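Chains U and V supply the protein sequences, listed in that same order.
Residue numbers for the first sequence follow our numbering, so the first one is 6 and each next one is one higher.
Residue numbers for the second sequence follow our numbering, so the first one is 6 and each next one is one higher.
One or more hints might be untrue.
[To be verified] In silico lysine-lysine, PhoX-like type, Cα no more than 25 Å apart, as pairs:
| id | chain 1 | residue 1 | chain 2 | residue 2 |
| --- | --- | --- | --- | --- |
| 1 | V | K69 | U | K311 |
| 2 | U | K159 | V | K69 |
| 3 | V | K311 | U | K69 |
| 4 | U | K396 | U | K416 |
[Stated by the list, open to error] A short list of chain U residues far from chain V (calculated; beta carbon distances all over 10 Å):
| id | residue |
| --- | --- |
| 5 | S11 |
| 6 | S67 |
| 7 | R80 |
| 8 | G83 |
| 9 | P103 |
| 10 | G110 |
| 11 | R152 |
| 12 | Q155 |
| 13 | K187 |
| 14 | D240 |
| 15 | T285 |
| 16 | S318 |
| 17 | H322 |
| 18 | W353 |
Think of the hints as simulated: they come from the structure by calculation, not from any bench.
As the structure is a prediction and not an experimental result, all values here were calculated from the model.
For each residue, glycine too, the CB sits at the ideal point set by N, CA and C.
Chain by chain, the residues run as shown.
There are 2 protein chains.
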Amino acid sequence: MSNKLSNLSNKQLTELHQTFEAEFQKEKLARATRAEVSIDLTRGKPSAQQLDLSNNLLEAYSVKDLQEYQGMDPRNYGGLDGVPEAKSLFAPLLGANPSELIVFGNSSLELMYLCIHFYFQFGGQKVTPWSKEGSVKFICIAPGYDRHFQITEKFGFELVTVGFNQDGPDMDAIEALVASDKSIKGIWCVPKYSNPTGHVYSEEVIKRFAKLPRVACQNFKIFWDNAYAVHDFEDTSFEIPSLLTLCKQEGTQDSVIMFASTSKITFAGAGVCAVAASDTTRNELIAHLGALSIGPDKINQLRHVKFFGSYSSLQIHMRNHAKIIAHKFNLVLATLDEKLSDYDWAVWTKPRGGYFVSFDTKPGLAKKVVSLANELGLKLTPAGATFPYGKDPKDSNIRLAPSFATSEEIKPAIEKLALSVKLATLAQMIQ
Amino acid sequence: MSNKLSNLSNKQLTELHQTFEAEFQKEKLARATRAEVSIDLTRGKPSAQQLDLSNNLLEAYSVKDLQEYQGMDPRNYGGLDGVPEAKSLFAPLLGANPSELIVFGNSSLELMYLCIHFYFQFGGQKVTPWSKEGSVKFICIAPGYDRHFQITEKFGFELVTVGFNQDGPDMDAIEALVASDKSIKGIWCVPKYSNPTGHVYSEEVIKRFAKLPRVACQNFKIFWDNAYAVHDFEDTSFEIPSLLTLCKQEGTQDSVIMFASTSKITFAGAGVCAVAASDTTRNELIAHLGALSIGPDKINQLRHVKFFGSYSSLQIHMRNHAKIIAHKFNLVLATLDEKLSDYDWAVWTKPRGGYFVSFDTKPGLAKKVVSLANELGLKLTPAGATFPYGKDPKDSNIRLAPSFATSEEIKPAIEKLALSVKLATLAQMIQ
Numbered sequence: 006m007s008n009k010l011s012n013l014s015n016k017q018l019t020e021l022h023q024t025f026e027a028e029f030q031k032e033k034l035a036r037a038t039r040a041e042v043s044i045d046l047t048r049g050k051p052s053a054q055q056l057d058l059s060n061n062l063l064e065a066y067s068v069k070d071l072q073e074y075q076g077m078d079p080r081n082y083g084g085l086d087g088v089p090e091a092k093s094l095f096a097p098l099l100g101a102n103p104s105e106l107i108v109f110g111n112s113s114l115e116l117m118y119l120c121i122h123f124y125f126q127f128g129g130q131k132v133t134p135w136s137k138e139g140s141v142k143f144i145c146i147a148p149g150y151d152r153h154f155q156i157t158e159k160f161g162f163e164l165v166t167v168g169f170n171q172d173g174p175d176m177d178a179i180e181a182l183v184a185s186d187k188s189i190k191g192i193w194c195v196p197k198y199s200n201p202t203g204h205v206y207s208e209e210v211i212k213r214f215a216k217l218p219r220v221a222c223q224n225f226k227i228f229w230d231n232a233y234a235v236h237d238f239e240d241t242s243f244e245i246p247s248l249l250t251l252c253k254q255e256g257t258q259d260s261v262i263m264f265a266s267t268s269k270i271t272f273a274g275a276g277v278c279a280v281a282a283s284d285t286t287r288n289e290l291i292a293h294l295g296a297l298s299i300g301p302d303k304i305n306q307l308r309h310v311k312f313f314g315s316y317s318s319l320q321i322h323m324r325n326h327a328k329i330i331a332h333k334f335n336l337v338l339a340t341l342d343e344k345l346s347d348y349d350w351a352v353w354t355k356p357r358g359g360y361f362v363s364f365d366t367k368p369g370l371a372k373k374v375v376s377l378a379n380e381l382g383l384k385l386t387p388a389g390a391t392f393p394y395g396k397d398p399k400d401s402n403i404r405l406a407p408s409f410a411t412s413e414e415i416k417p418a419i420e421k422l423a424l425s426v427k428l429a430t431l432a433q434m435i436q
Numbered sequence: 006m007s008n009k010l011s012n013l014s015n016k017q018l019t020e021l022h023q024t025f026e027a028e029f030q031k032e033k034l035a036r037a038t039r040a041e042v043s044i045d046l047t048r049g050k051p052s053a054q055q056l057d058l059s060n061n062l063l064e065a066y067s068v069k070d071l072q073e074y075q076g077m078d079p080r081n082y083g084g085l086d087g088v089p090e091a092k093s094l095f096a097p098l099l100g101a102n103p104s105e106l107i108v109f110g111n112s113s114l115e116l117m118y119l120c121i122h123f124y125f126q127f128g129g130q131k132v133t134p135w136s137k138e139g140s141v142k143f144i145c146i147a148p149g150y151d152r153h154f155q156i157t158e159k160f161g162f163e164l165v166t167v168g169f170n171q172d173g174p175d176m177d178a179i180e181a182l183v184a185s186d187k188s189i190k191g192i193w194c195v196p197k198y199s200n201p202t203g204h205v206y207s208e209e210v211i212k213r214f215a216k217l218p219r220v221a222c223q224n225f226k227i228f229w230d231n232a233y234a235v236h237d238f239e240d241t242s243f244e245i246p247s248l249l250t251l252c253k254q255e256g257t258q259d260s261v262i263m264f265a266s267t268s269k270i271t272f273a274g275a276g277v278c279a280v281a282a283s284d285t286t287r288n289e290l291i292a293h294l295g296a297l298s299i300g301p302d303k304i305n306q307l308r309h310v311k312f313f314g315s316y317s318s319l320q321i322h323m324r325n326h327a328k329i330i331a332h333k334f335n336l337v338l339a340t341l342d343e344k345l346s347d348y349d350w351a352v353w354t355k356p357r358g359g360y361f362v363s364f365d366t367k368p369g370l371a372k373k374v375v376s377l378a379n380e381l382g383l384k385l386t387p388a389g390a391t392f393p394y395g396k397d398p399k400d401s402n403i404r405l406a407p408s409f410a411t412s413e414e415i416k417p418a419i420e421k422l423a424l425s426v427k428l429a430t431l432a433q434m435i436q
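Bound conformation, chain U alone (with noise of 0.2 Å):
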C-alpha cells in the first residue's frame, strides 16, 4: 500500500513541487539541449523487431505453390468469402467453425465500417435498417478503442458510456440499458485484453452478452472485435468462450458479429481480416459486400496459409511476439512501480496480454499529465481519446502502449511520464 498524498502537510507538498519542477526543468533543457527525438507511445503498433518475425511471410507463397494449387484460382476475381484454407486456419482464432467464416482484406477495422454503414442504411434480410427507426444509439465500453467509438460518432450515432467491472463490462448496465431503449442498435466489444483496459470478459459476463438480444430490439448487433485472441504475455495462451457458440446454445446467433485479424500477428498493414457471424448474417453481409467487392485478395490469404502451416504454429509465432512484447510491458510496469509507488500518485492494470496499459491519474489531471510529458519528448495518446467523442469525464485516463518504441526507450519514458505526474498532481494539491 502506497502513501496517501493527502496525509502531507502543504509544505511537505510544496517542498516536493519545487524538487520535481526543478527536475522537469532541468529534463526539458537536456533534452533541448541534446536535440532528442521524442519516444512515441500512442498506438498500439507492433514494433519492427515483431514484424520481423513474418519477414517470411513475403516469400511465402511461391509460383510452384500458385501453379499446386487445386482451388479457384487466386489470381482472378471472385471468392467473396474467402479461400477455404484460411478459413480452416483462422476458425480457432474466433471460436468457430470454418464455414462460419469469411475472411476478407488487411482490414477488420474497415469490415466493422462497412457493418455499421449496412446496417444503418441497408438493414439486412430480417433487419431494419437503422436509419429508418430515427436516432441511432451505441453503447460504448469506456475506456474503450477510440477508432471504434469514432465510428459510430462519424455516423451521428448517439454514444452512451458504460463502465467496467472486474470481469468485465458492468453488465447490469448494459442489460437495463437495451431493455429499455430500442434505439440502442449495438455495443462495441473487445472480450480479450480490452482495449486499454487489459479486461478478460470472464464466462459469466460472456453468458450474459449471448442472452443480451433477447432483450434488446430485433435489429441489435453486438460488435465482438476479438483483436487479441491470442495475444498473451506468457507461454499458457488461454481462450475465452465463443460468443457465437454461447449465442446458438440462446438462439441469438444473428446479433453477434465476431472480427479477428493477423493485423498484430503478421504485419500490421498487409495481413488479413475475417469475421464469424451466423448463416443469416453472412448472407446479409456477402450479399452487401457483392455491391462493392470483387473479392478480397486471395493470393495474400494463401501467403498466410502457407506461411503458419497450421493454427500451432500461429500459436508457437505468437510466443515470439510475446517474448518481445512482454519484456517492454515489464519495463512499464517496474518502472512505474519503482517511480509512483511511494505515494498514491496514479492506478494502472497490469495485463496479462494485449497492447495496452490503462494509467489512470487523480481528477482533472490527464490532459496536464500528456501535456507535460510532450514538453519532455514524450508523444502520449491524447487525453480523452478513450472515451466516446474523446471526453474523458475524469479527465484521468491515459493510455500506454509501449509495443512500438524500443527497449531502450521505455524506462526513460515512464520516467518522464511519472515526473509529469507528480508535477501535475502536486501544482494541483498546492493551489
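Here the structure of chain U is known, so what remains is to put chain V in place on it, guided by the hints.
Using the frame of chain U, we list chain V on its own:
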C-alpha cells in the same frame, strides 16, 4: 452491305426457320450426348494465360527488398494514401501527377462504392451530403457497366439513362440534364473502351466533360473509371486527354474522381487500385477513409513497383496481354462475320481495346437469344445487364466477354450465339 431479312418472303423465312430449328435441335442433342461443359462469355475476366504473365509478381518482393527499402515500414499500419513509389508508377496510367494520386487496395470498385457512400452520407469540405438534398439522381451512359449502375441503384438513386454518339456519350443530352435538374449528383463514365461498347471518348467530348460541372449542382461528381487505359489491342498504345488536367484549366477539378486499377494488368483479385483527384477531393477522401482503413496493403504496392520497375515496362507487359486477348477478339469478329453477315441479323462493335464486344439483336430478342444460347451450353451476360435496373428498353443488347474463354472455345461459342440469333430472329418474323 448485308441483305435485308425484310426482303425475304414469308415462305423463305419459314424455310430458313425450319433449317435453323433443325440445326439447333441437333446441336442441343449432340451437346447433351457429349455432356459438354458450358462456355462462359459472361464476365470481363482475364484468362489464366493472361494471369500467367504476372506470376513473377508472387516472388517479386523479397526480404532483401524490404531490408533495403528506405521509406516508412511498409509492413506496419499507416500510409493511407499509398507508397510514393506506387504513386509515381501509376500516375501516367491516370494522366495525373504522382501527388494527385491515392493508391489503395485491390479493388477500384470498392473505392467507387466508398466515394458514393461518403458523398451521399457525409459530403465533403465544400460539399453538402447528397442525402440532405432530397432525391438523388445519377446519369448512367448505357449500354454500360452493370456494377457501376448497381452501386447507385443500391443507394436508391434514380438512374437516368443517356445514350452514345459515335465519339462518346450524348453530351447534348448530358449537359441539358445536369443544367436543368439539380438532383443529378453524378455520372458514371468509362472513357476509353467503354464497357461494353468499346467507345473511346473524343477530345471534344472530354473537353465538354471538363466544363460540365460549371452548369451542374455544387456537389456534382464525375466518376471517371479509366479501367482500360492501357488495354489496347494494337501495338501503338494511345492515350485519351486527362480529364483532371482539362478540369484544372476550367476550374472544375473538384468535381472529378478518376479511377484505375491493375485488375486487368496483373492479378484481377490481388492487384492495386488508384484514384487521381484534386487536393480538395483527395483530402476529403483521405479524411473519410481514415475512419475505416488502417491503410492499404503497402507491401503489395511495393511488390507491383518491383515487378514493373517502370511505366514503360508496364506498357510492354500490356502488349503481351494484347497478343493473347486480341487473338480472341479477332476470332469473335471473324466468326460473327462468317455466320451473321449474309443478312442483317444483328450489329456489333469492332473494339480496338478493352474487354467486350457489344452485340445488338433486332429489338425484343436479346433475352430470347441469351436463353437459347444457354440451351446450347453458352453462358452469356443476362440480357439487360448493361442498362440501369437491368432493363434494356429495346431488349436488344448482349455483352460478349471473350477474354476468359480459351481460344478453342471462341469459335464454337460464337457459332452457338449466331444460331440462337438466327432462330430467335426468324421465329419473331414469322409469328
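Which numbered hints fail
Going through the list in order, the structure violates hints 2, 4, 6, 7, 8, 10, 11 and 12 and respects the others.
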